[in-house]
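J.: One letter stands for each residue in the lines below.
Number of protein chains: 2
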Amino acid sequence: MDVKTIEACCEPLLAGALSEAEADDLAAAFKVLADPARLRLLSMVANAATGEACGCELVEPLGRSQPTISHHLSVLADAGLLSREKRGKWAWYRVVPDRLAVLRDALSPAR
Amino acid sequence: MDVKTIEACCEPLLAGALSEAEADDLAAAFKVLADPARLRLLSMVANAATGEACGCELVEPLGRSQPTISHHLSVLADAGLLSREKRGKWAWYRVVPDRLAVLRDALSPAR
Chain A
1 MDVKTIEACC
11 EPLLAGALSE
21 AEADDLAAAF
31 KVLADPARLR
41 LLSMVANAAT
51 GEACGCELVE
61 PLGRSQPTIS
71 HHLSVLADAG
81 LLSREKRGKW
91 AWYRVVPDRL
101 AVLRDALSPA
111 R
Chain B
112 MDVKTIEACC
122 EPLLAGALSE
132 AEADDLAAAF
142 KVLADPARLR
152 LLSMVANAAT
162 GEACGCELVE
172 PLGRSQPTIS
182 HHLSVLADAG
192 LLSREKRGKW
202 AWYRVVPDRL
212 AVLRDALSPA
222 R
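One line per chain: the protein sequences are A and B, in this order. According to this note's numbering, the first sequence is numbered sequentially starting from 1. According to this note's numbering, the second sequence is numbered sequentially starting from 112.
Only chain A is shown next, with the shape it has when bound in the complex (with noise of 0.2 Å):
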């Protein structure tokens, strides 16, 4: 999956057509929501006690294998929605909010 970074890219789509280009690139930040893996991680590093998750704690509550896991938070990582902060053999994550507004904002009524 070819991820690019979720940038703020238009109008609400409730208040003015989209370009082609435009929803090229909302249709692809949709699409790392659209898995529920995903959707899962990004719930669990944002209710983390302490704001932050290691990849290592997110395995075993989700049930799936560490490589799928680390597969999904490289998505989310890369579409932005998720930071990633490295130490030692782990990585750490934590949600970008302002990167989910992008697409709550996508979503709008019309201004």
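Just to be clear, a hint being listed does not mean it is correct.
Said to hold, decoys possible - Computed footprint of chain A on chain B, listed as stretches where at least three residues anywhere in the stretch have a Cβ under 8 Å from a Cβ of chain A:
1) 143-153
2) 185-197
3) 204-217
It should be emphasised that the hints constitute simulated quantities derived from the structure, not laboratory data. By construction, the Cβ of each residue, glycine as well, lies at the ideal position given by its N, Cα and C atoms.
With the hints as your guide, set chain B onto chain A.
T.: Structure of chain B alone, referenced to chain A:
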């Protein structure tokens, strides 16, 4: 594509860990938006001067075949994002803003 109607399903994903079932439903809903042609159709219907658009008006500006447009309009209607009214030979579509709001709310900051 098997499309379920989008229903209010859950707390915002930043406000509580999603269950597997909630994540499945939400991912399916985002999958409906994860297509550039469907996003453009949604924005074109939303921005129609009268608030509604005939399927017949949407084929040319999108530059896809009529069966392709019909398929995407059906996916959007099955998900509940568009309402459809048959008049004679053609169907007319309107955006259902409350349904988009379900997805926007799922991406809201924690309450």
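J.: A separate judgement is required for each hint: does it hold in the structure or not?
T.: Checked hints:
| no. | hint | result |
| --- | --- | --- |
| 1 | 143-153 | holds (count 9) |
| 2 | 185-197 | violated (count 0) |
| 3 | 204-217 | holds (count 6) |
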